[in-house]
Every structure is written in structure tokens, then in C-alpha cells.
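Got chain B sorted already, so can you dock chains Y and G onto it with the hints?
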Amino acid sequence: MENTDPKRKEIEEAERLLDQTPIPELTESLDRKFYDFLDAAITTRDQFPQRSRTALYWYAVAAGIALFVMGWLGGSVLSTRNKSSVEITGLSGEVRDLRESLALTMIQQPLPGKRIQAINMLADMKNPDDKIYATLLSTLNHDPNDNVRLVALEALAKHVENDQVMAGMVEAIGQQQTSPVVLLRLTELMALLGEKRALPVLKTILEKPDLNYNIKTQIYETVQGLS
Amino acid sequence: MKPFRALVNHRLVVVRVLILFESVLFANFQLSGQTQKVLIPLDQPDLSGKLTFDNPKGSISVTGYDGNIIVVTATARFNQKDSKTQNDWKLTYDQQETNVILYCNAQGNTIDVDIKIPRHFTLQLRSRDNGDVIVIRINGAIEVDNAQGSIMLDNISGSAILNSVYGNITARFKEVNPDDPIMATTIEGDIELSLPEATHANLKLNTSRGNIISVFPLLEAGQESSPLFDWKSSKINGGGPEYILRTYNGDIQIKRYL
Amino acid sequence: MDEIQLMIQVSQGDLAKLGILYERYKQSLFGYFYRVTCGDHAFSEDMVHQVFVRVLKYRSSFKGTGSFAKWVFHIAHHIAVDYSKSFRHYAGPDSLAIKPSGEPDPYKSLEQQEKIILLNRALSRLKEDDREAVTLAKIQGLKYQDIAAILDTTEGAVRVKIHRALIELKKIYSQLEST
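Chains B, Y and G supply the protein sequences, listed in that same order. Per my numbering, the first sequence runs over residues 66 to 292. Per my numbering, the second sequence runs over residues 112 to 369. Per my numbering, the third sequence runs over residues 3 to 181.
The following block holds chain B by itself, in its conformation from the complex:
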């Protein structure tokens, strides 16, 4: 019925008119007004139960107790290896060295976004050396942020033809118990690569009781496929 409507064209044009005529931007003052209002509402809500239990605590004491160890293991683990066996010849070598050392510094930054940038810099380098591989593997195993670990894994996956990398990736499977996203992707890569060395560790993980259902399925299927 609507297709035969002789006014179809007018309606479409009117709709286009409404869609394409912009609505001005909101000003900041609305946000300010709303959040002041919301904040006042939150404050009065919190005071509401006070009539029954008039306890409002003001803690302004700086606590020196560290409850959580925000340990940053990162690259420091590696520095013990201290391999400087790479031959550097000519200017390009120096520039490369500069980039590399910049990346190796950046990878120790507290912001995960900067660490991801560092990994991408390392991953983009032509003919990466052992030090780069070791840094990426260490990040995969020890970075406190799962997303940073995942980016390190994707970078390593570009170099699976290198045996140090492959062995390191297999070894890393056991380190990802608290990083489900990484464990899932790592398992997926093992399946794609047909890496039989991953079998024992995958079988061990399969026995863990509180494993995410999707990961369990993925690991189960991978074990079936590799066996």
C-alpha cells in the first residue's frame, strides 16, 4: 500500500529534511548542572540512613599500608640476560638501536597504552633479535594488564617460525590462569598452528575446576584436534 502512495516522494523528502538538518551542540553548562544535581542527590541519599545510625566517617588519614602489591615485573626480569651480542654496523644500526632502546624503556611505563605502543614498535622491527623476543615473551607472561599481554601475544604470533618464540608461547600457556582472554587466544593459536608440544599443559588446565566454559570448550576441542 505504501509503495503506491503518491505522496511517497514528499514523505521521503520531509524525512531527509529532518535527518539532515543538524541539531546544535549541547553546551557544557548542561553537563555541569546535571552532575551537580546528581551529586547532591547522591549525597542526600547517603545521609538518609543516618537517622537510624548516625555514623558518618571521615577518613583523612593517609594510609601507608600497601594492601596490594602493584609489582611491576616487566622487562626487569630480562635485564639479567643482558645479551648485547647483536652486531651493529652503520647508521641504520644505531637508529635501530635507538628505537629499540626507546621501545624497551616504554615497555616499562605504568600506562598500559604506552606499553602497547612499545610492543607495536618492537613488532614492527625488521629481523628482530633474541632480546626483542625475550621482551615480548616476558610481557606475555608477566604484564599486569591482560590486554597488554594479548598484544604481546599477537606480536609474537607473527614470528612463530622462530623456535625460541614457539617454545616460549607453549611455555606461556601455563602462565595465563588469571588472564582468560589471553589463554583463549593462545589456545586458538595452538590449534591453528597444530602445535603438539602444547598438549600436556592444555590437558592439565582442562582439569581446573573454575575454568570459563568457553575456554574449556576451546581447550577441549584443541586437545582433540592435536591428539
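Derived from the structure by calculation, the hints contain no laboratory data.
Ranges between beta-carbon positions, derived for each pair: (1) I180(Y) <-> R166(G): 53 to 59 Å; (2) P307(Y) <-> G143(G): 16 to 22 Å; (3) P307(Y) <-> K129(G): 34 to 40 Å; (4) K366(Y) <-> Q289(B): 36 to 42 Å; (5) E308(Y) <-> R81(B): 16 to 22 Å; (6) Q114(G) <-> I324(Y): 23 to 29 Å; (7) K74(B) <-> D154(G): 30 to 36 Å; (8) Q114(G) <-> Y285(B): 53 to 59 Å; (9) I324(Y) <-> D154(G): 31 to 37 Å; (10) K201(Y) <-> Y285(B): 40 to 46 Å.
Here a beta-carbon is modelled for each residue, glycine too, at the ideal position from N, C-alpha and C.
Chains Y and G in isolation, oriented as in the chain B frame:
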């Protein structure tokens, strides 16, 4: 495992709805048993600061404002009746200039924490259980880890690195930092990313079981010339830093910020 | 995250979550008021604020039976009606009080600003309820069914109303364009 969780969630909703009705009946009685408040003045309000908070159990809400005091309001999520655990928990903080670490010694209680903070702040937030993490109106780099619950960011100028396992992730950027990557990963949840029109970025998207919808045109998988990399990609406005979104079961949506 | 779930949490006292709903709806609510008032920028912003004041006030009446969008635009509709009662200039067809689009928006080109003014003028010559119907029809997340509920009428009637109003709008706009 998964159906069991779904059941638990479902029951939770039912319980919550019942509580809702109850609260209507009893003239808006509050559920919150006890509240603690912490004020953290900042000496240098012009400088951008960093807040780190790891909540063992409970939600985190951070809202930016135009002041120079961090106002933390923490509320225990239990009935007023069971009073035996009420006084055990404690909120404290550690401050070095504008670098602030907040601690919640929850003693097993679920503590919901609201934080009002100057807008130019770097945030490192984690909830280990039983709550969502929301961040609104912040200019800065935001890191959130919330395995069990959802993550919601809105009216953000900056960048974010977000990780969940069971939760959805929604991140709406009013402005993005031209250099910094953005990343969101989850296993069970959906991911929704809203970006300003003028964003320059390299998108890399992957979902194993879900669908991908994007207002920006996407290239098919296989661009990396290796079967190991299965993401859909796109250079928005000529490309820029990497924006990586990955879920297993969920859908991915890329929208424009409106 | 599910908006119904978010609003239920707000009604239970998790008020900070209202910020998320505000962020998601402020622009579309503003757009609604902006069109309905034929371009009164300051007033439209003020009314967006009023919507959320009411959302918080009546939070326990949110039952989660329909979408949040429907509920919040229902509130917006009532505010718009109140506004039209107290400020007749909004209601009158082509009244003189129409301020073309408030302050000029520096981010929009001159051509776009002219389009805005022209559309506002055309909208102002529509009947009040027609103007609201075409505006609601353009809001994402609202179904005809929801619009019918908001305007307290039937789905069929809403379809016919929107249909006619769009034709009328196009007619008026073309006339304005040629003058």
C-alpha cells in the same frame, strides 16, 4: 558453568525487583547500611593526576567534575538488619601530590564506591567481583579491569584499555587522543565503541561467535596474509593508532558519538 | 549494558548509574525539545535537565515493563506539554516569538545554519501535536507503538498523523524555500 551463571543472574534480578517493590512499600527505605566518606584535597589542581583503585568486591563509579577535591563515597551493600559486619570495613588512601591510591579493606563485604574527581585524571580501576565499573566525563587515559561485571565509559576524552570476562563493555568517546591505542576485550559480553567523526585509527575487530556492526566500512579478514590473524580491520580517516576490540561470545558495534 | 537494568539499579539507589543514562539520552532529548520548541536552545537544555530531575524523582515508578526510551520520552512529553501551556508562543502556529535557533553555532557552516532556521520556521507552522509526532518518529529506539503510548493514542492513528504531518512539513518548507 554458563547456564548456572545465567541462572544466578536471573535470580539476582528477581531478588532485586522484589527489593525494589519492598522499598516502594516501605516509604523509600534505603538499602545502604553504612556509608563512609573520604575527601582528598589536591594541592595542584591544574596538574592532571592519577587515581589507582582496586575494589575487592563491589562497583566503582567515577564522575569527573570541575573541582579540586576527590570525593569518595563508599556504601556497604547489605541490609541494615545484619549489623555484625558493618563496622569492619574501612576506606583509606595514600597520596603523593596528585598521585592517589585508594584502598578498600572490605572484610568480605560488598562495597559500592562512588568517586567524584577533577576531570583531568588518569585512572587505573579494578573490581574483582560483584559490581560494574562506570566512568563518566573524564579527560585522560583509563584502565579498567572488571572480570565479572560490565564496564561503561561515557563522555570520555582520551583513551582506554578495558578488560572483562563475563561483562559487556560500552565506551563512548567524545574525543580521542590522537596517539594512544584503545583496547577492549571480553569473552562473554558485547562490546560497543562510539567514536567522534574525526577519529583517525586502525580498527582491528574480532568476535568468534557474534556479529560485527560498524558505521565505518570494514575490510574482510585475511589482510594480514596469515590465517593466524582473523580480525576485520579498517583504517578510519586514513588510519592512526590501533583500536583493538575482541570478544568471544558477544557482538561488536562501532558507532559515532552523538 | 541493558538500559532497563540500569534504570532498575538507579531506582534501587545506585544513583551514579543515572549518569550513564543521561549521557546516552541527553542529545536525543535535546533534539526532541529543540524541534518541538522550534529552536529554543537555552530552554531545550533546561528541559533536558528537568527530565532527569523527574526521572530521579519518579524513579521508583519505573517498572521495567517497557523500554527506558519510551519511559523517558513520556516524561519529556509531559514537560513539553507543561511548557506549551505556560508559554503560548511555543504553541501558536508561526508565532512571532520564534527565535531562530538560539545563538548561532560556530561549528556549523552558514549554509547549515540557514537550513536549521528554515526548518525551525517550517516546524513552527505545523500544528503542535503534528510537530511532536514527526519529531518523535525520528528518534532512534522509539517504535510507533511507543509513540502511540506517549501521545496516548493508537498505533494506527500515530501512523496516519506522522504521514500527514510529514507531507504538510514538506509543503510548508518548499513554500518557505521559494520565498
